[in-house]
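Using the sequences plus the hints, can you model the full thing?
2 protein chains.
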Amino acid sequence: MSSIVDTPKPPYYAVIFTSQKIDEDKGYNEMSDKMVELVSQQDGFLGFESAREELGITVSYWKDEKSIINWKANLEHQEAQKLGKELWYKQYKIRIAKVERDYEL
Amino acid sequence: MSSIVDTPKPPYYAVIFTSQKIDEDKGYNEMSDKMVELVSQQDGFLGFESAREELGITVSYWKDEKSIINWKANLEHQEAQKLGKELWYKQYKIRIAKVERDYEL
Numbered sequence: 001m002s003s004i005v006d007t008p009k010p011p012y013y014a015v016i017f018t019s020q021k022i023d024e025d026k027g028y029n030e031m032s033d034k035m036v037e038l039v040s041q042q043d044g045f046l047g048f049e050s051a052r053e054e055l056g057i058t059v060s061y062w063k064d065e066k067s068i069i070n071w072k073a074n075l076e077h078q079e080a081q082k083l084g085k086e087l088w089y090k091q092y093k094i095r096i097a098k099v100e101r102d103y104e105l
Numbered sequence: 001m002s003s004i005v006d007t008p009k010p011p012y013y014a015v016i017f018t019s020q021k022i023d024e025d026k027g028y029n030e031m032s033d034k035m036v037e038l039v040s041q042q043d044g045f046l047g048f049e050s051a052r053e054e055l056g057i058t059v060s061y062w063k064d065e066k067s068i069i070n071w072k073a074n075l076e077h078q079e080a081q082k083l084g085k086e087l088w089y090k091q092y093k094i095r096i097a098k099v100e101r102d103y104e105l
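Sequences listed follow chains A and B, in order.
Those letters in the first sequence? Residues 1 to 105, by the numbering used here.
Those letters in the second sequence? Residues 1 to 105, by the numbering used here.
Since the hints were derived computationally from the structure, they do not count as laboratory data.
Being a predicted model, the structure only gives us computed values, none of them experimental.
Treat each hint with caution, since some may be false.
[To be verified] Within a straight-line C-alpha distance of at most 30 Å, the following computed DSS-like cross-link-like pairs (lysine-lysine) qualify:
#1 Lys82(B) with Lys98(A)
#2 Lys26(A) with Lys9(A)
#3 Lys63(A) with Lys85(A)
#4 Lys90(A) with Lys98(B)
#5 Lys21(A) with Lys21(B)
#6 Lys72(A) with Lys93(A)
#7 Lys66(B) with Lys63(A)
#8 Lys21(B) with Lys34(B)
#9 Lys66(B) with Lys34(B)
#10 Lys93(A) with Lys98(B)
#11 Lys21(A) with Lys82(B)
#12 Lys82(B) with Lys9(B)
#13 Lys63(B) with Lys93(A)
#14 Lys98(B) with Lys26(B)
#15 Lys93(B) with Lys93(A)
#16 Lys98(A) with Lys66(B)
#17 Lys82(B) with Lys9(A)
#18 Lys90(B) with Lys66(A)
#19 Lys90(A) with Lys9(B)
In structure tokens, the structure reads:
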């Protein structure tokens, strides 16, 4: 379940993760649940928004770049990244971006 | 139809548009098709990625901030923005972010 994240006043960081998954599960859903739990405990993590049709888009929000680098280096997360490359994704692109301004309805 | 955009080397800009739509169409799909056609003609537009489940996420990519400001001010787009507020969206958030680095599989 994903809803619009109540992020703080900019600047903060966004990691835009866009992917094309294989059709089979191959352990993906279990690992995905585990990563959601793990990422929620990370310093500087502000929340994430996610949707998937042909394309999967997950945008996670972070206090600063250091928090993003720490999360990428997390050992359990590294194992998930390795399996992602080997098993689950046909293609993905990750973009690290600094949110400069935002507005809402 | 949405696929991973072949964006240029950073820096460039991303507009992250996250929304919760009403269930009824009320002219949304027609306007959405029209806006896809229109945005593709804008100077500095690099492409977009989109997916919707409970949450809709559309990330559009732009050469620079000026291109984003011009698109927001486009008259036909302004009419769509107005209808979005009045008719189609329960809630949305728009974040303008500078992509600093990216990598891919």
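Evaluation of the provided hints:
| no. | hint | result |
| --- | --- | --- |
| 1 | Lys82(B) with Lys98(A) | holds, 27 Å |
| 2 | Lys26(A) with Lys9(A) | violated, 39 Å |
| 3 | Lys63(A) with Lys85(A) | holds, 27 Å |
| 4 | Lys90(A) with Lys98(B) | holds, 26 Å |
| 5 | Lys21(A) with Lys21(B) | holds, 25 Å |
| 6 | Lys72(A) with Lys93(A) | holds, 14 Å |
| 7 | Lys66(B) with Lys63(A) | holds, 26 Å |
| 8 | Lys21(B) with Lys34(B) | holds, 18 Å |
| 9 | Lys66(B) with Lys34(B) | holds, 22 Å |
| 10 | Lys93(A) with Lys98(B) | holds, 16 Å |
| 11 | Lys21(A) with Lys82(B) | violated, 35 Å |
| 12 | Lys82(B) with Lys9(B) | violated, 34 Å |
| 13 | Lys63(B) with Lys93(A) | holds, 18 Å |
| 14 | Lys98(B) with Lys26(B) | violated, 34 Å |
| 15 | Lys93(B) with Lys93(A) | holds, 22 Å |
| 16 | Lys98(A) with Lys66(B) | holds, 17 Å |
| 17 | Lys82(B) with Lys9(A) | holds, 25 Å |
| 18 | Lys90(B) with Lys66(A) | violated, 34 Å |
| 19 | Lys90(A) with Lys9(B) | holds, 22 Å |
The structure fails hints 2, 11, 12, 14, 18 (numbered hints given earlier, in ascending order).
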